[in-house]
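**Q** Residue strings, one per chain:
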Amino acid sequence: MQEEESLMTESGLCKTGIEELDIQLGGGIPTGSTVLVVGSSGSGKTTLCMQFLINGATKGERCVFFTITEPLFKLTKNMEGFNFYDKKLIESGMVTLIDLRIISERLGLDTEKYTVEDASALLDILRDIADELNAKRLVIDSITALCYRLQTPEMIRDFIFKLGSSLAAMKCTTLLTSEVPPMTFQYSQYGIEEFISDGIMFLGDFERKGDLIRTFQLVKMRGAAHSRTKSAMSISAENGIELAPLLGSRE
Amino acid sequence: MANVLIDGLKERISNAIKINQSIGILLPSSNYTDLLRAMFEYMHSTPEVAWVYVTVTRPYDTLAKQYEFILDAKNIRFIDCISRAAGISTPHPNCVYVESPTMLEKLTLEMMNMFKEVDESTNKYLVIDSLSNLIIYNDANIVTEFFYHIVNRTRARDIHTISLAIEEEGLEKHLNRLIYLNDKILKVRDSFI
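From first to last, the protein sequence lines are chains A and B.
In this text, residue positions in the first sequence follow our numbering: the first is 20, and each later residue adds one.
In this text, residue positions in the second sequence follow our numbering: the first is 6, and each later residue adds one.
Treat the hints as calculated values from the structure; they're not laboratory data.
Among these hints, one or two may not hold up.
To list a few chain B residues with every Cβ distance to chain A over 10 Å, as calculated [as the list claims (entries may be wrong)]:
1) Thr62
2) Thr67
3) Ile87
4) Ala91
5) Leu114
6) Asn128
7) Asn146
8) Glu172
9) Arg182
Listed next, the in silico DSSO-like pairs over lysine-lysine satisfying Cα-Cα at most 30 Å (straight line) [what the hints assert, rightly or not]:
10) B:Lys121 with A:Lys249
11) B:Lys121 with A:Lys78
12) B:Lys121 with A:Lys106
13) B:Lys178 with A:Lys228
14) A:Lys249 with A:Lys34
15) A:Lys34 with B:Lys121
16) B:Lys129 with B:Lys192
17) A:Lys132 with A:Lys181
18) B:Lys121 with A:Lys96
19) A:Lys107 with B:Lys121
20) A:Lys78 with A:Lys190
Just so it is clear, CB atoms sit at the ideal spot from N, CA and C, and this is done for glycine as well.
Turn these sequences into a full structure, and let the hints guide you.
**A** See below:
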């Protein structure tokens, strides 16, 4: 019985594969959660998300990356510089990369503004893709660009809520990137995304003697006893995202 | 005279390393070059030990030119914290460059990553050259916090640390606070060697 419980606990968490982050999360993200990855341009949102997917795919989980902010060739070109990036996982279909703008075009949707029907059609297609691929990890990069096409706060709320609920039912853990202006302490452009998400990871930076130090903070994670300490974040070709204790953070 | 000094330093370093986990070496700037030679010769003479040498004082290129034997030493790896800021970054398999000596968290990660590649049964040593130079580039309180982290992390992983501190006017208060975190202090004076 005890063994069964520990296995259940183990299977209830989705390890990011980023060692220090999993420690901060108390093991991993609760499976099926929808997590907002917040940061300004160049803060490392896409890299963190891709590392999360690649680490999952390496363990045998199927993953999907929906991009709406940059073409696929640019995305893969940027990722090729990282040691964690394994092209074979893309070629074998363990990680599927999809340009959401192309899907919108094929669905005959207005690429600038979605009607309620458009949003519903897009939601259906996202759910179908995740279901067909039996995806266990999914990323939308970025939810901000998608929300821009949804015309009212109600549509944004409804879209994220329905997407999150469907993916949670599939036990698919989802990361949504959220773009915010630099040096600000806000979690989203529309002020809605953070309330519907189960978790928030905040990627920021601060200046020390003229150098910009990247920071990472786990603001919220429903269902996890997690750390809320701000860490220093490093992005390198060799190790991708790494976290270290932030010095001078108590000042 | 210089050889006597270097031999004396080597012997003192060798004896201290045998006994203790972490050693702080406090020295006047006039002895720095001799100590550096003594350190590198000692490191080179212990191929069974894995050394990670953090330089905040001289660029790796300069050290490699001065002590050519370290170029081929497979047991010594370097982390250079000052070359990038000075616009030098000649790639070398033995050396990792940190953008700036103010990037202390990045430095911590690079140190620990280097030791992760070393076999668990191998004796591991970390040399920080130097605490005094870190204080020049950073706030003294942050360097203290950094050094606390390093000492605790390395102790937990059975990594021995040797930290150098060059005596400089105005830094005594900070250096004393830092150096006494070590298990043993070596105060280098010409007359003691």
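**Q** Are the hints correct? Go through all of them and say.
**A** Hint by hint, here is what the structure shows:
{"no.": "1", "hint": "Thr62", "verdict": "18 Å, holds"}
{"no.": "2", "hint": "Thr67", "verdict": "23 Å, holds"}
{"no.": "3", "hint": "Ile87", "verdict": "13 Å, holds"}
{"no.": "4", "hint": "Ala91", "verdict": "14 Å, holds"}
{"no.": "5", "hint": "Leu114", "verdict": "5 Å, violated"}
{"no.": "6", "hint": "Asn128", "verdict": "25 Å, holds"}
{"no.": "7", "hint": "Asn146", "verdict": "7 Å, violated"}
{"no.": "8", "hint": "Glu172", "verdict": "24 Å, holds"}
{"no.": "9", "hint": "Arg182", "verdict": "16 Å, holds"}
{"no.": "10", "hint": "B:Lys121 with A:Lys249", "verdict": "24 Å, holds"}
{"no.": "11", "hint": "B:Lys121 with A:Lys78", "verdict": "22 Å, holds"}
{"no.": "12", "hint": "B:Lys121 with A:Lys106", "verdict": "26 Å, holds"}
{"no.": "13", "hint": "B:Lys178 with A:Lys228", "verdict": "22 Å, holds"}
{"no.": "14", "hint": "A:Lys249 with A:Lys34", "verdict": "20 Å, holds"}
{"no.": "15", "hint": "A:Lys34 with B:Lys121", "verdict": "21 Å, holds"}
{"no.": "16", "hint": "B:Lys129 with B:Lys192", "verdict": "23 Å, holds"}
{"no.": "17", "hint": "A:Lys132 with A:Lys181", "verdict": "19 Å, holds"}
{"no.": "18", "hint": "B:Lys121 with A:Lys96", "verdict": "29 Å, holds"}
{"no.": "19", "hint": "A:Lys107 with B:Lys121", "verdict": "26 Å, holds"}
{"no.": "20", "hint": "A:Lys78 with A:Lys190", "verdict": "16 Å, holds"}
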